[in-house]
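Engineer: What follows is the residue order along each chain.
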Amino acid sequence: MKQKLLRILPDVSKPARYTNQELNACHKEWKQVAVKMALAFPDTYEIGMGNLGFKILYHIINQRQDALAERVYMPWVDMQQKMKAEDLPLTALESGQPLADFDIVGFTLQYELSFSNIIKMLDLAGIPRLSAQRDNRYPLIIAGGPCGYNPEPLADFLDCVVLGDGEEVIGELLELVKTSKEQKLSRQETLLKLAQISGVYVPRFYEIKYTDQGTIKTIQKTESSVPDQIEKRVVADLDQAPFPDRMIVPYLQTVHDRVMVEVMRGCTRGCRFCQAGMIYRPVRERSVETLKKQVLQLLDSTGYEQVSLTSLSTGDYSKVERLVTELAAECRQRGVSVSLPSLRVDSFSVRLATEIEKFKKTGLTFAPEAGTQRLRDVINKNVREEDLYEAVDAAFAAGWFQIKLYFMIGLPTETWEDLDGIANLAKNVLEIGRRRLPKDGKKPVVNVSVASFVPKPGTPFQWEAFTDQELLLAKQDYLRKQLRHPGFNFSAHDVPTSYLEAVFARGDRRLGKVLARAVDLGCQFDGWNEHFRFDLWMHAFHDAGIDSDFYAYRERQADEIFPWEHLSSGVSRQFLWLERKRAYQGITTEDCRFNNCVGCRVCQDLDVTNRLQGGDGIE
Amino acid sequence: MGLSNNVRLRFGVGEPGRFISHLDILRLMGRAIRRAQLPIAYSQGFSPTPKLAFASTLPVGVTSEAEYVDLQLQTSLDCETVKSRLNAVLPDGFQILEAAALPVKYPALMSLITTACYQIRTLGEVSDLEPRITDLLAKDVLMVSVKRKQKEQQANIRSLIDKMAYDALNQQIELQCASGVKANLRPMDLLPLLGLELRDVLIHRTALLIKAEADQLLTPFDVLKG
Ligand code: SF4
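Chains as they are written, first to last, in the numbering used here: chain L, 1 to 619; chain E, 1001 to 1226.
Please note: incorrect hints may appear among the correct ones.
Straight-line C-alpha distance at most 20 Å; calculated SDA-like pairs for lysine to any residue [as the list claims (entries may be wrong)]: (1) L/14 with E/1198; (2) L/14 with E/1057; (3) L/14 with E/1091; (4) L/82 with E/1060; (5) L/14 with E/1199; (6) L/82 with E/1200; (7) L/217 with L/12; (8) L/2 with L/87; (9) L/404 with L/342; (10) L/292 with E/1062; (11) L/14 with E/1225; (12) L/14 with E/1160; (13) L/4 with E/1062; (14) L/293 with E/1037; (15) L/82 with E/1202; (16) L/82 with E/1016; (17) L/4 with E/1016; (18) E/1147 with L/12; (19) L/14 with E/1060; (20) E/1051 with L/137; (21) E/1225 with E/1060; (22) L/513 with L/111; (23) E/1147 with E/1160; (24) E/1147 with E/1103; (25) L/2 with E/1103; (26) L/14 with E/1062; (27) L/2 with E/1198; (28) E/1211 with E/1178; (29) L/193 with L/111; (30) L/2 with E/1178; (31) L/14 with E/1059; (32) L/4 with E/1125.
Simulated coverage check for chain E against chain L, where a stretch passes if three residues somewhere in it have a Cβ under 8 Å from a Cβ of chain L [to be verified]: (33) 1010-1018; (34) 1083-1096.
Calculated Cβ distances over 10 Å to all of chain L for the following chain E residues [as the list claims (entries may be wrong)]: (35) 1021; (36) 1023; (37) 1030; (38) 1031; (39) 1033; (40) 1069.
Worth flagging that the hints you see were computed from the coordinates, not collected in a lab.
Even for Gly, the Cβ is constructed at its ideal location relative to N, Cα and C.
Use the sequences and the hints to build the structure in full.
Structural biologist: What follows is the structure, encoded as structure tokens:
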């Protein structure tokens, strides 16, 4: 098989995607390991290699004597054709073993538009698509990640879904699979046992009934031993959590091709549209000492020239100044640069960025998200106009000349004035740049990037309707016209793509038929513009007899049962509803990290707390 | 031999290293040097880059035993130490084969290289390659389409071929051709003229050479002995 692979490689694009043998990859003796798990990423090698969660799980699993983890990515279209011609199944990178020979295949659910790739990967591996069609001859197909809080469109394809922090569950899962193999349990018996592990959801044990209107009537478990509601698992103390001391260094350039450390997990700023800000609660920070140790170890074992301090909002890390200054000093000696992936909208963050990025090669990015104070209050994005101006002023003064501004359109309560607000902010930022930057030097550039708001499960806006596609296009045009001047670059997210994302984000099991049909029709790599075929998707909805607008455009009733009602991130439905009410009243909610608990219930129900490293006036 | 601030290395590229681009190799060497904790010198300026100078870009898909790179170090090191420390940390498909000290001043390697030698091994039986080669060499004009700056172009490559012969015993073509900044032939561009496809062959670079006086061919290590 390897020989066959080697022969087709010269004919495919970026062959190094498929060759493996990268530095720090882990190769174990296939026959000597009891449980074999493939970590499957439903996108290209370059995208998948940048995923930190994968690196953590790869490390944890391979540390065990009795288990191995290998990687598999979605082959690019040209490779798929060659594989078909040569009759090659999808194989894992490290051993070259067919995916079908593993005990477990674990997919990551990062993005709704990668669902089609998951099914396509099963097809390429020759694994039956449906959970009901698979017995012990086939691997368990499991999944985890942010879309796991509503995996229902994939419910028929997946054997189980892990909710919450994977490092908490993975050990129990491997143990169970190992013993069930030893005891030769049937697939059904194994799944029943898996369902008893806290945080593990087995879709087949829940039955969904629908009303005549098409909404959900009941979600009932079909086995008494499984929980009524599955609650996510949480790492209580991130500082003690396992983290890799070596990371795979790819031969070809990938996304985030650098040392990555996870400064903290969770964010409690409480932006009402943001799923990550709800599902990863509470905030758990690593200590400066641990982070420094991890960075130096990883630099030694990889030779990388760059370090990235990742989290949802690294500027909020309570010891950020100390961490950045000390790391930058240490790294400078080694010719290594440090980068902050996410900047808060304030001058403090700009000062930090200035400190570490002596060379202002790329622009600075800020996300005010909405154009007026009114709308920012609605979405609880607690950024004031002055904060933005101060931040960009500091950035221009420090020598940056390119500013990127992120906004969302189609937010609840949005009016045309809010769009004027976006244009005004952008114009004022450009004006500040013109005043600040020396006349004879580089001219300021403001990139305005506009995404369409997609209501996500588990957020205060989970009840909202997705804005009509025509209206979104009109709004994009409206902004494009206002920003058609030298100094601006305007870009807007593809509307049909967002529409499909909106359908699947809050979809239910009935969408499984659509997914299967769409893949049959040739849909894959939907997140890639050059491959996205909206017409084929609409065809698939039609064939399955399902109205996509029902999922995208319908505002949900206050008491409607959601397809994910039985899956919990720990944030209570009452809290989300209250937050939605406050949104419509324009009342903001404070960050519980720096103020009192605002009652989302994660801490009480999961017995955890925000764990900060002190500083910034906490405790 | 001996201590030096400037070291010339010859390295080999095998599987799976042959599948990556020159830019990838550059990055890979930089990272290996960091892991080996060699005191490499960095360029001045805002974004410091390690001082590495390669002799040539190896076409993707080609293996080699004749790649060269010059390193500039901040302190003197024994050449053999540099070699062994790098070999301890290089990923599969890369190996340092030889190391030598460079004088304080030396010309950029890339500007010197004029010639390369390749072995093109055919996978499986290919008959009448020998007459096909004789035919080719008898012609004055050999037009092939080559990619230059993303565009397909027709070019006459006859003058770029120095020697070509078929070694029937080993089922491989021995090719000596122009290589370098002035004139360059990518061996794969020749394949269509021979009725071959990239997937039918394995191409291996055996030498990178410098044309000296009286058309004498020297390796980048020979010139140091001068
Ligand atoms: S329970 Fe309270 S303190 Fe804990 S994350 Fe929710 S709002 Fe914050």
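Engineer: Against each hint, give a clear statement of whether it holds in the structure.
Structural biologist: Now the hints, each set against the structure:
Between the alpha carbons of residue 14 of chain L and residue 1198 of chain E the distance comes to roughly 15 Å, so the proposed pair stays at or under 20 Å and holds. A threshold of 20 Å between alpha carbons decides the hint, and for residue 14 of chain L with residue 1057 of chain E the separation of about 17 Å falls inside it, so the pair holds. Taking the CA atoms of residue 14 of chain L and residue 1091 of chain E, the gap is near 18 Å; set against the 20 Å cutoff, the hint holds. For the suggested pair residue 82 of chain L and residue 1060 of chain E, the alpha carbons sit about 19 Å apart, so the restraint of at most 20 Å is met.
Taken as a hint, the residue 14 of chain L and residue 1199 of chain E pair is honoured in the structure, with Cα atoms around 15 Å apart against an allowance of 20 Å. Among the hinted pairs, residue 82 of chain L with residue 1200 of chain E is consistent with the structure: their alpha-carbon atoms are about 15 Å apart, no more than 20 Å. Distance restraint check for residue 217 of chain L and residue 12 of chain L: the Cα-Cα separation of roughly 50 Å exceeds the 20 Å cut-off, and the hinted pair is therefore not satisfied. In summary, the hint linking residue 2 of chain L to residue 87 of chain L is supported, as the alpha carbons are separated by about 13 Å, within the 20 Å threshold.
Restraint check: the Cα-Cα separation between residue 404 of chain L and residue 342 of chain L comes to about 12 Å, which is no more than 20 Å; the hinted pair holds. Taken as a hint, the residue 292 of chain L and residue 1062 of chain E pair is broken in the structure, with Cα atoms around 41 Å apart against an allowance of 20 Å. With a C-alpha separation of about 40 Å, the suggested pair residue 14 of chain L and residue 1225 of chain E falls outside the 20 Å cut-off, and the hint is violated. With a C-alpha separation of about 28 Å, the suggested pairing of residue 14 of chain L with residue 1160 of chain E is violated against the 20 Å cut-off.
Of the pairs offered as hints, the one joining residue 4 of chain L and residue 1062 of chain E holds, with about 18 Å between alpha carbons and a cut-off of 20 Å not exceeded. At roughly 18 Å between alpha-carbon atoms, residue 293 of chain L and residue 1037 of chain E fall within 20 Å of each other, so this suggested pair holds. Pair hint residue 82 of chain L plus residue 1202 of chain E holds up; C-alpha atoms about 19 Å apart against a cutoff of 20 Å. Of the supplied pair hints, the one linking residue 82 of chain L and residue 1016 of chain E holds, its CA atoms being roughly 19 Å apart against a limit of 20 Å.
Restraint check: the Cα-Cα separation between residue 4 of chain L and residue 1016 of chain E comes to about 14 Å, which is no more than 20 Å; the hinted pair holds. A hinted pair counts as satisfied when its Cα atoms are at most 20 Å apart, and residue 1147 of chain E with residue 12 of chain L qualifies at roughly 17 Å. With a C-alpha separation of about 10 Å, the suggested pairing of residue 14 of chain L with residue 1060 of chain E holds against the 20 Å cut-off. As the CA atoms of residue 1051 of chain E and residue 137 of chain L are separated by approximately 54 Å, the hinted pair breaks the 20 Å bound.
The hinted pair formed by residue 1225 of chain E and residue 1060 of chain E fails the criterion: a straight-line CA distance of about 31 Å is larger than 20 Å. For the proposed pair residue 513 of chain L and residue 111 of chain L, the alpha carbon gap of about 19 Å is at most 20 Å, so the pair holds. At most 20 Å may separate the alpha-carbon atoms for a hinted pair to count; residue 1147 of chain E and residue 1160 of chain E meet this at roughly 16 Å. A threshold of 20 Å between alpha carbons decides the hint, and for residue 1147 of chain E with residue 1103 of chain E the separation of about 37 Å lies outside it, so the pair is violated.
Distance restraint check for residue 2 of chain L and residue 1103 of chain E: the Cα-Cα separation of roughly 45 Å exceeds the 20 Å cut-off, and the hinted pair is therefore not satisfied. Our distance criterion of 20 Å between C-alpha atoms is met by residue 14 of chain L and residue 1062 of chain E, whose separation comes to about 14 Å. The hinted pair formed by residue 2 of chain L and residue 1198 of chain E meets the criterion: a straight-line CA distance of about 18 Å does not exceed 20 Å. The straight-line distance between the Cα atoms of residue 1211 of chain E and residue 1178 of chain E is roughly 10 Å, inside the 20 Å bound, and the hint therefore holds.
Our distance criterion of 20 Å between C-alpha atoms is broken by residue 193 of chain L and residue 111 of chain L, whose separation comes to about 28 Å. With a C-alpha separation of about 34 Å, the suggested pair residue 2 of chain L and residue 1178 of chain E falls outside the 20 Å cut-off, and the hint is violated. Straight-line distance between C-alpha atoms of residue 14 of chain L and residue 1059 of chain E comes to about 13 Å, which keeps the hinted pair within the 20 Å bound. Of the supplied pair hints, the one linking residue 4 of chain L and residue 1125 of chain E holds, its CA atoms being roughly 17 Å apart against a limit of 20 Å.
By the rule of at least three residues with a Cβ nearer than 8 Å to a Cβ of chain L, the coverage given for the region 1010-1018 of chain E holds, with 3 such residues. Coverage of the region 1083-1096 of chain E by chain L holds [criterion: at least 3 residues with CB-CB distance below 8 Å; count 4]. Chain L draws residue 1021 of chain E into its interface by the beta-carbon criterion, the shortest separation being 7 Å against a cut-off of 10 Å. Interface exclusion of residue 1023 of chain E from chain L breaks down, the closest Cβ pair being 8 Å apart, not more than 10 Å.
Not every CB of chain L is more than 10 Å from the CB of residue 1030 of chain E (nearest about 7 Å), against its label as outside the interface. Taking the minimum C-beta to C-beta distance to chain L, about 3 Å, the non-interface status of residue 1031 of chain E is violated against the 10 Å cut. Against chain L, the non-interface label of residue 1033 of chain E is violated: not every CB pair exceeds 10 Å, the least being about 7 Å. No Cβ of chain L comes within 10 Å of the Cβ of residue 1069 of chain E; the nearest lies about 16 Å off, and the non-interface call holds.
Of the numbered hints stated above, those contradicted by the structure are hints 7, 10, 11, 12, 20, 21, 24, 25, 29, 30, 35, 36, 37, 38 and 39, listed in ascending order.
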